[in-house]
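We have chain A already, so just place chain B on it with the hints.
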Amino acid sequence: MTLDSETIPPPGEIAIPLVPRPRWVEGDLPSFAQITADVARPLDVWPQKGWWVCTAIALAALAAGAGMVVYLFAHGIGVWGLNNEVGWAFDITNFVFWIGIGHAGTLISAILLLFRQRWRTSINRSAEAMTIFAVLCASLFPLIHMGRPWVFFFIMPYPNQRGPLWVNFRSPLVWDVVAINTYLTISLVFWYLGMIPDLATLRDRARVRWRRTLFALLSLGWNGSQRTWRRYEKVSTILAGLAAPLVISVHTIVSMDFATSLLPGWHATIFPPYFVAGAIYSGFGMVLTLLILTRKTMGLDRYITGAHLDAMAKVILLTGSIIGYAYLTEFFSAWYKGDLFERFTMISRATGPYAWCFWIMVLCNVVTPQLLWQKRVRTSVKALFIVSILVNIGMWFERFVIIVTSLHRTFLPSAWGMFTPTIVDIGILIGSFGLFFTCFLVFIRILPMVAIWEVKELVGEQTPRTFGFAGAAGDLENEMEGAHA
Amino acid sequence: MDDHRSGDEVRLHWKSPEDLRNGSNRGVEPAFNDGDWLGGSTRRDFLTLAGFSLTAALAACRAPIEKAIPLLVGSDDITPGVASWYATTCGACPAGCGLLVKTRDGRPIKIEGNSSSALSGGGTCATGQAAVLSLYDDARLRSPMVHGKASSWSKADAVISNTLRGAFASRQNVVLLSRNIGSPSTNAVIEEWSQLNPHFRHVIYEPVSLSALREAQSECFGRAAVPHYRFDKARVIVSIDADFLGTWLSPVEFTRQYVRGRAAETRRSQHVQYESRFSVTGSNADLRVPIPPSSHGAVALGLLRRVAKAQGLDGCPEAPEPASALATLDAVAGLLLKHHGQSLIVSGSQDVAVQTVVATLNQFLGNIGTTVDLAQPSLQRRENDSAMAALLDDLDRGEIDVLLLHGVNPAYDHPDARRFLAGLKKVRFSVSTSDRMDETSRFADAVCPDHHFLESWGDAEPVQSSFSLAQPAIAPLFNTRSAVESLLSWSGRPLDHYAYLRDYWRRALFPLQKETADFDAFWDNTLREGVFVVSPTSDPVPIAFRGDWKRAAEAVAGLARASVASPHGNTYEVDLYESVALRDGRHANNPWLQELPDPISKMTWGNVAAVSPATAAALALADGDIVVLRSGGTATELPVLVQPGQDAQTISVAVGYGRIAAGKAGNDVGVNVFPLATMNNGSHRLWMPNVSIERTGRRAELATTQRHFSMEGRDIVQELSVADLSRSEPAPLAEHHLPSLWEPRPEGDHSWGMVIDLDSCTGCSACVIACQSENNVPVVGKQEVQRTREMHWIRIDRYYSGAPENPESVHQPMMCQHCGNAPCETVCPVLATTHSSDGLNQQIYNRCVGTRYCANNCPYKVRRFNWFQYAQNPSFDFHMDSALGRMVLNPDVTVRSRGVMEKCSLCVQRIQAGKVQALQEKRVVADGDIKTACQQACPAEAIVFGDLKDPHSRVSELRRDHRYYNVLDELGTRPNVGYLKKIRNRIETQELK
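Chains as they are written, first to last, in this note's numbering: chain A, 1 to 485; chain B, 1 to 993.
Only chain A is shown next, with the shape it has when bound in the complex:
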């Protein structure tokens, strides 16, 4: 795949399309050196006060959560507000919530890559990082929610001397373990692979010996040759192809924890698509929150532009509408099916003791995204920030509503109960946010939070070019072929 001059259109033609292409980098097109300098700056300078304050808060939350977990391990999960009727509440709510957050990364890196969405370039790195941290937070909960976490390995299918005694492959919890581990692995690989050219860049500009050595090791001897690039592109595409189904599968399987049970409110065939949409919705919500904060503070608003935010808002609008539709469908099926228990659960959801949670959920997940039809909202950073926060509040409540309202009033009214969270429940939820933000804050200081090479590629694409450059040649070629098709 060479860049020969025949395939490069004359400079004049590039600016001609009737609808101007969105500009994914604002202002005057920066030079490649400028891009590297902009993105890598946080890595070189001592963090400012703002970062320290944020990190201190995140660490405090993490420490509180860790303390609660220690307390939990010492006494048993009775320190949570769970009871005979409600066997899962904050634990699994948080788990599904974080898994959902972790959905944006892969969607952006894999699916948008396959669909050739150029705007993913400046946000994919941090979205992927966020995915990994969110999945880490999520995987904490299945572990600590166990009554006997010290025998957690029973849940892994491994050869053992107990017969061997295998896990129950019929249990959706086993599927969960497999799905999450797969997802975490793929996400990590994808994230790391995407960073290799940047790590090489960092290696090249590192002035300190240990840094150079470290980045040299991490960049796996990247030399930027055309052959390397070509292989790199291929691997990226293959991995994207592998990862794309995971975006669907992980939350599908998580939803099966509920859908395959027989509990009214859980046992619904709509759950897989509805959960996937919800996951993307919440994942984009979180990406939006994080990027709105970091683009300003890290001085990257040039690379993470209003157009990016707008694109993400549109994804939120789409997935939010799917969720709203799914809520309606749930109620419709409950009514249409004629099952007394299911009808009762749905009515109780909207009118029972947890109705306030339900209506928060409706407000955040059904009403809020509809605001995004207006361009005014989509282009207002403040409005988007509020929306993004509401999205995640809504999605947390959605999981809480699904789990707790379905459990608290099941088939036998004699066994109806209530769940009230304890300080430990809340502490561990806060702790999971602490863990997430600590990881993210550290990440933005030690690794480039925007994919330098991809932005360069994008800039290169927007720059009237008369020469070839060493970056994503094949991609660029395809892109331009596509543009002319």
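If you are wondering where the hints come from, they were derived from the structure by calculation, not from laboratory data. Cβ atoms here follow ideal geometry from the backbone N, Cα and C, with glycine treated the same way. Accuracy of the hints is not assured; some may be wrong.
[Stated by the list, open to error] Computed from the model, here is a short list of chain A residues facing chain B with C-beta under 10 Å: (1) 26; (2) 78; (3) 167; (4) 170; (5) 172; (6) 180; (7) 182; (8) 260; (9) 409; (10) 413.
[Unchecked claim] Beta-carbon label-pair distances, calculated as ranges: (11) A:336 to B:872: 51 to 59 Å; (12) A:343 to B:680: 49 to 57 Å; (13) B:81 to A:343: 37 to 45 Å; (14) A:363 to B:617: 29 to 37 Å; (15) A:332 to B:972: 22 to 30 Å; (16) A:336 to B:743: 29 to 37 Å; (17) A:165 to B:617: 32 to 40 Å; (18) B:442 to A:63: 46 to 54 Å; (19) A:165 to B:972: 26 to 34 Å; (20) A:333 to B:972: 39 to 47 Å; (21) A:336 to B:81: 56 to 64 Å; (22) A:343 to B:972: 13 to 21 Å; (23) B:954 to A:185: 54 to 62 Å.
Only chain B this time, still in chain A's reference frame:
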């Protein structure tokens, strides 16, 4: 002869935690058998017998050899881990039911009913089931106490004997104040004292008294005795506030009779209950009418007037009748008249006049001699309130020199406890036989702790001519001594209890029978059977009615008029009652009973002021609001519980709570409401009018195990009317086999299943404690119950239907349904809950990681999770944190650790034992060989367990019954546990009128 028994100092095989220096040398005298006992005996007999010999070797090692006992099995063959059974008599309440006590390695671990007993049968009540835990109560005294200091028996005896000798010599007044003593041999000792010392007096006191009932019989029939009631013979039962299925007189026996009377589908008895609170008995009634306690007399009188009128007797006074009952009285009187000689009227009233009216009703309706047996009356209750009142006066005046207290705690449970305590201080010397430093015994000069009844010899005669023996199932744990031995010792006859008892039986009871000529054989046989019934030699002498019923009726009418005349204003009547669990409070330190949900309100760990929904609405009260009840000078603060079916004019509160010196589990739980009770016309009355109720504005969280009482239109408890019953055809159970993607499970030889008859179940809750005792179910405490984390494997769901003023109710025992398609099994990630080839859904504790997914997916919500470590955890110091309390644990059942799920196993350990037994005897398991703990305890015989693979087993037959159904059948869980529909037999009052 067993070698172990030759030495005095051979230790027991169990570990006594604190007190291995136990000085008592009174061990167990084991029974033996020299006859061909196996012929025709059951497995239970075998176990019982085997038990005697075996436990003898274990528990009686230190006993001096009084008699050479040949062991059936040599000591070399004693197998640790094989249970032994003792027949004995329950001492938990005055009813005196026959028991079999299961001991393992010398420790009693489980109480069961003695099916040989003609009275109580194989059933027990919750309190009786829990009595085994009271044996291992940490609060029990370790040795006698003299003047508050631990002492020895010789010292205590010296002091007490001297005092008594001096007192008798100088003609001082000596009083023995005791609870009901059911033991004829003990009563004989007391009788001897009375004869020898004219200044000795025996006063029997019960805080919840049936004195008026007894007195009324004396007035009407010249016999001061509580009749022996026969609910099974009655076709119409009218109860005026007598909770005969829950707490009144002899609930186990009555439940058994009652259910038998209702089992006959064509001649089903009808039951009318007039009551103030919603009792277990009321919840089973065919017609239930809430009335205030002040109207008990008016209702009895209303019935009497109608019956007398119908029989042409004049002179019955009229009295205002309570509006709620008015509509029913004609109909009920009509029913009673229709079934002459086949009805039974009982009353829990503590008013002699009311009881006289009730006795008259029974007389007029021809029930004396049929359903009311006075020829062979009950001897369970002999308390005398007037004697107690007189004693209190004497105490006031300082006229009592020596007071012996046995089994009583008036400083706690007497309405005038302060006056009693003041009087007690004036006594020159007081001795208590209490097993702990309770509210009364802490003020006694000497405390000579009695044995727990499981450590003691004894006998009982609950109903005249029906005797039972009690024998120790364990050597005394502490340096305690049987109260009988104490009495004998203080009267200068230092005999041990065993020798005395045996001698008494030889003298007094052996001659009553003719079957056995040899006393030893008679003794051994009785000991093995536990019971001994003297057949009546001649026909009972007809008992003449000589009561002045008109005077009593006039008195009742006067009261009713006065009650109507006095303005109620904003005041209510307070009705005090015994709870099914704690009864009068003597079992307050038993954590099993504290945590037993009340059969109706489902309250645990405390008492409440039950108010009717109307009262709650009028006063804007909600569950948990703390109110203050003011009556005369007393003010009592209690949380409110809105109780459907509660009489609108009445506030009901359970007694037995608010102990201050019961022990760690019982102290400061609930509020003591005994001070609200009054003495009225010489009887100890547990209700009082003119009580005002005020909100305090504070709230308390109630520890209830069920918070929602409506079935929400779901088909959970199914009912049939009597008409449906005759109409409906026995339909084969529709076994719809839906297609499955999974291979069928391999099936074994058995498929264990259970059928529960909802028509028989009265809700008494004996099964709950039986299960707790059998399966080492932990006690979790009030706070955890408030968070709905109770651990009971079997719960009794209670649903109301109809108007909240007077709803109908149903009880549904609910435990693991052992589903054929178990939703819990498929979701467990680690295969910790699986299906056995015998149809059991089994839980594997050491595989469980505690995801709780199974519990979430269980439609019956019967799975219980160990949220904390409940055993050996000081935070849960109920009984599993003390070495003594842990002795009650069943060694056949794992004590679960923190973080694992548990649930009903259908007593898999019993199933295994039954299979092993059959295997050893080279036969197949026969139907009825294996009984689950709940089934065994059920006095109503509502639970049937067996093999569904055996088409002739009872459980299989019941599954083919047209009343059979599965709960939530539509889910396709295919449970092995099913139910028989409840039969509704409403008494249509309007129609009959």
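Hints versus structure:
no., hint, in the structure
1, 26, "violated, 49 Å"
2, 78, "holds, 3 Å"
3, 167, "holds, 6 Å"
4, 170, "holds, 5 Å"
5, 172, "holds, 7 Å"
6, 180, "violated, 13 Å"
7, 182, "violated, 16 Å"
8, 260, "holds, 8 Å"
9, 409, "holds, 8 Å"
10, 413, "holds, 4 Å"
11, A:336 to B:872: 51 to 59 Å, "holds, 54 Å"
12, A:343 to B:680: 49 to 57 Å, "holds, 55 Å"
13, B:81 to A:343: 37 to 45 Å, "violated, 53 Å"
14, A:363 to B:617: 29 to 37 Å, "holds, 35 Å"
15, A:332 to B:972: 22 to 30 Å, "holds, 24 Å"
16, A:336 to B:743: 29 to 37 Å, "holds, 34 Å"
17, A:165 to B:617: 32 to 40 Å, "violated, 58 Å"
18, B:442 to A:63: 46 to 54 Å, "holds, 51 Å"
19, A:165 to B:972: 26 to 34 Å, "holds, 28 Å"
20, A:333 to B:972: 39 to 47 Å, "violated, 19 Å"
21, A:336 to B:81: 56 to 64 Å, "holds, 59 Å"
22, A:343 to B:972: 13 to 21 Å, "holds, 19 Å"
23, B:954 to A:185: 54 to 62 Å, "holds, 58 Å"
Checked against the numbered hints above, the structure breaks hints 1, 6, 7, 13, 17, 20 and satisfies the rest.
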